[in-house]
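Residue numbers (this note's numbering), protein chains in the order written: chain P, 1 to 387; chain C, 1001 to 1387.
These aren't lab readings, by the way, just hints derived from the structure by calculation. Check before you lean on any hint, since a few could be wrong.
Claimed, not checked - For lysine-lysine, the following PhoX-like pairs were computed, each having C-alpha atoms within a straight-line distance of at most 20 angstroms:
id, chain 1, residue 1, chain 2, residue 2
1, P, K243, C, K1177
2, P, K65, P, K89
3, C, K1145, C, K1177
4, C, K1035, P, K27
What the hints assert, rightly or not - Just the calculated beta-carbon pair ranges, DEER-fashion:
id, chain 1, residue 1, chain 2, residue 2, range
5, P, S130, C, K1035, 47 to 53 angstroms
6, P, P195, C, R1011, 41 to 47 angstroms
7, C, D1197, P, K326, 39 to 45 angstroms
8, C, S1328, P, K243, 20 to 26 angstroms
To be verified - Partial pick of chain P residues on the chain C-facing surface, computed with a CB cut under 10 angstroms:
id, residue
9, L38
10, I48
11, L53
12, L56
13, V77
14, A108
15, V238
Since the model is a prediction, treat every value here as computed from it, not as a measurement. Heads up, the beta-carbon is just placed ideally off N, CA and C, and yes, glycines get one too.
Number of protein chains: 2
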Amino acid sequence: MQHLKKHFLLRDDITFLNFGSFGACVKPVFERYQKYQLELEREPVQFITVNGLTYLDKSRAALGKYLNCHKDDLVYVTNPSYAVNAIAKSFNLQPGDEILSTNLEYGACDKTWEYYCQKAGARFVRQPISLPIQSKEEFIIEFFKGLTSRTKMIFISYITSSTGLRLPVEEICVIAKEKGLITFVDGAHAPAQVPIDLDNSSFDMFTGACHKWMMTPKGSSFLYVKKELQPLVDPLIVSWGYKSMSPSDSTFLDYHQTNGTRDFSAFLTIPDAIQFMEENDWTSVSRQCRELVIHNAPTLCKILGAAPLAPLNDMFIRQLFSSSIKTSEPEKLQRYLFESYHVQVPVMRHGDKTYLRYSINAFNDQHDLDRLFDAIGDIKKKTGLVE
Amino acid sequence: MQHLKKHFLLRDDITFLNFGSFGACVKPVFERYQKYQLELEREPVQFITVNGLTYLDKSRAALGKYLNCHKDDLVYVTNPSYAVNAIAKSFNLQPGDEILSTNLEYGACDKTWEYYCQKAGARFVRQPISLPIQSKEEFIIEFFKGLTSRTKMIFISYITSSTGLRLPVEEICVIAKEKGLITFVDGAHAPAQVPIDLDNSSFDMFTGACHKWMMTPKGSSFLYVKKELQPLVDPLIVSWGYKSMSPSDSTFLDYHQTNGTRDFSAFLTIPDAIQFMEENDWTSVSRQCRELVIHNAPTLCKILGAAPLAPLNDMFIRQLFSSSIKTSEPEKLQRYLFESYHVQVPVMRHGDKTYLRYSINAFNDQHDLDRLFDAIGDIKKKTGLVE
Chain P
1 MQHLKKHFLL RDDITFLNFG SFGACVKPVF ERYQKYQLEL EREPVQFITV NGLTYLDKSR
61 AALGKYLNCH KDDLVYVTNP SYAVNAIAKS FNLQPGDEIL STNLEYGACD KTWEYYCQKA
121 GARFVRQPIS LPIQSKEEFI IEFFKGLTSR TKMIFISYIT SSTGLRLPVE EICVIAKEKG
181 LITFVDGAHA PAQVPIDLDN SSFDMFTGAC HKWMMTPKGS SFLYVKKELQ PLVDPLIVSW
241 GYKSMSPSDS TFLDYHQTNG TRDFSAFLTI PDAIQFMEEN DWTSVSRQCR ELVIHNAPTL
301 CKILGAAPLA PLNDMFIRQL FSSSIKTSEP EKLQRYLFES YHVQVPVMRH GDKTYLRYSI
361 NAFNDQHDLD RLFDAIGDIK KKTGLVE
Chain C
1001 MQHLKKHFLL RDDITFLNFG SFGACVKPVF ERYQKYQLEL EREPVQFITV NGLTYLDKSR
1061 AALGKYLNCH KDDLVYVTNP SYAVNAIAKS FNLQPGDEIL STNLEYGACD KTWEYYCQKA
1121 GARFVRQPIS LPIQSKEEFI IEFFKGLTSR TKMIFISYIT SSTGLRLPVE EICVIAKEKG
1181 LITFVDGAHA PAQVPIDLDN SSFDMFTGAC HKWMMTPKGS SFLYVKKELQ PLVDPLIVSW
1241 GYKSMSPSDS TFLDYHQTNG TRDFSAFLTI PDAIQFMEEN DWTSVSRQCR ELVIHNAPTL
1301 CKILGAAPLA PLNDMFIRQL FSSSIKTSEP EKLQRYLFES YHVQVPVMRH GDKTYLRYSI
1361 NAFNDQHDLD RLFDAIGDIK KKTGLVE
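Between the sequences and the hints, there should be enough to build the whole structure, so can you do that?
Written as structure tokens, this is what we have:
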């Protein structure tokens, strides 16, 4: 894959193993981004109120095709946190209601649900998941142990953040729909790591980041809501589109697309990113990345004296791999890896555990992981930062 | 001022008389913007979690100096709509409470307050203001006719949008504070049109756009809240900064600065915009613009057969001037002016009236206004678009 390295803007002197946090934009997409910004500044009124809206529409059409859904069932949002806030704020939670989730979710989403559940006297149920996960079937059984007669919605990550695990959300949501629950999938890490087919899924609501694995500029994400549930979702930012004087065909779009003056160029680059992936056979790139991820997983686990968090296969492992790590100072360890070894890799607390997670994308190779392993070995020898 | 025209990116073929809607960025600020974006993409993790935070802090320090307030009493927001939503959502409205405002406010803010007031059983009071305004004193008397024992907050524009009028908000807020009310000023159009001194004001809360008259890229605005009232304001987007595991010295900052992955480069250019204005003696530029605005106001009124909306002086008129216009198709008229005459000027409905508003900044001159006047004269002759 090394011929693809030239497309990235990333610094040469850093071993970049943290694609998962914020992605990294490829050159043709970044150049398109800045060209849109220049076009905006050359005639701001024409761009923001006329031409830019046409580009936005075309962009949603391209993303809708990529995700298999109607473009008007998608709205662009800054990031998945925005989408989760929009849903949590709007969802008509009653005292005693429960949102069933796992104890593996992204911390900012936990905070959001806890905030809105507390206001309503509802409960955010973080069903404990036993690690390592043994199988899809056992995961599903364990997850639904958290179900009660008060459960109204399922909220679950497609691919978890600190533990880097793909969860069987398709199956979970099929079962949840049979039980009459609303399903909301946090797919922050999903687009371009897993194929997504929204219209043929049991996902009622889905948010994904384009600025991670789809490689668009930061601040470009989407919220999908099935047509019949769209009336449930109020705008997070009330603006001209709310009770619009010149409504479009989609109230969903009016509510969520218009939210004050901003530079929405990042949204417009999504078709360019999709085209870049197609032209460079990203399905094959992603598969090669997964092979590298899985090939190196046992080594990381061995160095850290840990067991893998799930079976080492495509079902659970995509382009991220996390291992638990014994360190009392995760933030210091992460900084030390960056400053002393020029290795950018996250070391994250989650509950009472800490995880080190590597990400692999087209520009990475075996040498990058070897540098990580060598650095950890060296740190173990020289410091007390890793036990 | 024509030597300043070269600093703008605006198209040469357009007579740009709508600076008010979205501003326009100057070249050195725009270049800095895109450089920050490149720095971000060269090492996203280091930028978003380390270097960028230092730049943000420096930026708020510069803006705090410019507005005379402590940097930690300011948070950056995308736009004033975001700020108004954050306050309206957080403000603990009780049934029967009233927010006193005017009938001249920005439509998106009306919608926001009406949305949250309706939820709480509270009232958003749009006190009718007689136009033309006769004097500061009469405005103040008329405004406070809307006051009742249930009024909890004053919400008022520093400079109105469709009518383009500077209102006596300093005096209004002094009186409101004496009456024990909370004061919230929508200063979307204020920074760089009027001098602002937050710490010596009676403004409890203030939002301003930097992407309008301060000429930064789109999506850069701020919310100021006096220290003692900051605990009232919950995050509009709940994220890591809410009940933070690693809190900073300012909960206000933690709550509002962290809200998911985004490109915050626009915020970072604010010191560059301030420097640009200083280096180019923007106080004098702004004064010259106001002179041009006021000099031409009687002509526009005459052409449109309307009376000025306020006395033609610095107190009420800054770099915007609106006149009511008789047209049954404002959107079509605006489009026609742009497409047939290459004049970009807004024609806006407000209540049962319609206004045409011109803005003047450094790149404008008398010829621009002459082109507008000629175009309107021509349209009156040739079409029925203007009565």
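Evaluated hints:
1. A distance of roughly 33 angstroms separates the Cα atoms of K243 (chain P) and K1177 (chain C); the hinted pair therefore is violated under the 20 angstroms criterion.
2. At most 20 angstroms may separate the alpha-carbon atoms for a hinted pair to count; K65 (chain P) and K89 (chain P) exceed this at roughly 29 angstroms.
3. About 16 angstroms separates the Cα atoms of K1145 (chain C) and K1177 (chain C), which keeps this hinted pair within 20 angstroms; it holds.
4. Distance hint between K1035 (chain C) and K27 (chain P) is fulfilled; the C-alpha atoms sit about 14 angstroms from each other, no more than 20 angstroms.
5. In this structure the hint that S130 (chain P) and K1035 (chain C) lie 47 to 53 angstroms apart at CB holds, the actual value being about 49 angstroms.
6. The hint said 41 to 47 angstroms for the Cβ distance between P195 (chain P) and R1011 (chain C), and at roughly 43 angstroms that hint holds.
7. Judged by the Cβ atoms, the range 39 to 45 angstroms given for D1197 (chain C) and K326 (chain P) is violated: they are separated by roughly 54 angstroms.
8. With their beta carbons about 23 angstroms apart, S1328 (chain C) and K243 (chain P) fall inside the hinted range of 20 to 26 angstroms.
9. Given hint, L38 (chain P) at the interface with chain C, holds; its Cβ is 7 angstroms from that chain's nearest Cβ, closer than 10 angstroms.
10. Given the 10 angstroms rule on beta carbons, the hint for I48 (chain P) holds: about 6 angstroms separates it from the nearest Cβ of chain C.
11. The beta carbon of L53 (chain P) is not positioned within 10 angstroms of any beta carbon in chain C (closest approach about 14 angstroms), and the interface hint is therefore violated.
12. With a least beta-carbon distance of about 14 angstroms to chain C, the hint placing L56 (chain P) at the interface is violated under the 10 angstroms criterion.
13. Checking V77 (chain P) against chain C: minimum C-beta separation of about 9 angstroms stays under 10 angstroms; hint holds.
14. Among the interface hints, the one on A108 (chain P) holds; its C-beta lies about 4 angstroms from the nearest C-beta in chain C, closer than the 10 angstroms criterion.
15. With 10 angstroms as the threshold, the beta carbon of V238 (chain P) comes within range of chain C, its nearest partner Cβ sitting at about 4 angstroms, so the hint holds.
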